[in-house]
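J.: Sequence:
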Amino acid sequence: MFQKSTSFWTSLYLLSFAIPVPLVIPSTLNVSASTGVLTSQSQTGPHKANAYIARNVGGALAKELQGKPVVVDIYASWCSKCKNIAPTLSQLKQQYQGKAHFIVFDVTNKTKFSESQVKAKKLGLGDFLAKNKSQTGSVTIISPSNGKILGEYRNNTNLSDYTSVLNSAISQR
1 MFQKSTSFWT SLYLLSFAIP VPLVIPSTLN VSASTGVLTS QSQTGPHKAN
51 AYIARNVGGA LAKELQGKPV VVDIYASWCS KCKNIAPTLS QLKQQYQGKA
101 HFIVFDVTNK TKFSESQVKA KKLGLGDFLA KNKSQTGSVT IISPSNGKIL
151 GEYRNNTNLS DYTSVLNSAI SQR
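Residue numbering for the sequence shown follows this note's numbering, starting at 1 and increasing by one per position.
Everything labelled a hint here was simulated from the structure, so no lab data went into it.
C-beta atoms are modelled at their ideal positions from N, C-alpha and C, and glycine is treated no differently.
There may be inaccurate statements among the hints.
Heads up, simulated DSS-like pairs for lysine-lysine below, C-alpha to C-alpha not over 27 Å straight-line [what the hints assert, rightly or not]:
id, residue 1, residue 2
1, K122, K110
2, K81, K121
3, K133, K93
4, K112, K63
5, K119, K133
6, K119, K131
Listed next, with one range per pair, are the computed distances between beta-carbon atoms [said to hold, decoys possible]:
id, residue 1, residue 2, range
7, K112, S171, 29 to 39 Å
8, Q97, S145, 18 to 28 Å
9, A62, K99, 15 to 25 Å
10, S77, T157, 11 to 21 Å
11, S160, T111, 29 to 39 Å
12, S171, F102, 11 to 21 Å
13, N155, Q95, 11 to 21 Å
Could you put the whole structure together from the sequences, leaning on the hints where they help?
T.: The structure is reproduced here in structure tokens:
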């Protein structure tokens with residue numbers, strides 16, 4: 001039924017000798033041994049390098065967000081990651097009340113998502129929400145003046161990760 005192909009068997013034989021090659025990551029990227037998270041260094045500080053979030057939200061944010069870093073939470077009531085980070089975000093909101101803007105985009109259902117879309121467009125974050133609506137449990141810190149992403153985290157309960165980026169952003173104002 002099947003014809004033996006010499007080239008197929010030769011290729012298969014040669015593949016069996018493949019030597020594993022370590023993945024080379026540029027020196028600006030680091031992989032945490034404990035968490036397995038890929039991080040990179042930027043001029044404004046460390047941030048989690050995620051393929052699902054662009055490095056910029058597309059420009060300056062709305063006037064009402066200017067002057068303070070913006071913390072964006074992609075939330076859904078059914079999201080276990082969202083529940084996991086809720087206490088950390090609550091602490092962060094208390095600690096940075098008046099020093100940072102906190103925005104929650106609720107994507108729990110179609111109605112909540114539609115409301116969040118309207119809010120996002122008004123704030124200059126429409127494209128950001130469209131690209132990240134499925135990334136529940138993610139928190140992104142953004143510079144309002146240029147839309148640059150300063151830090152992005154997913155299911156991260158380590159308060160100091162957030163505070164280091166926020167403190168850096170606040171000191172550079």
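J.: Name the hints, by number, that the structure is in violation of.
T.: none
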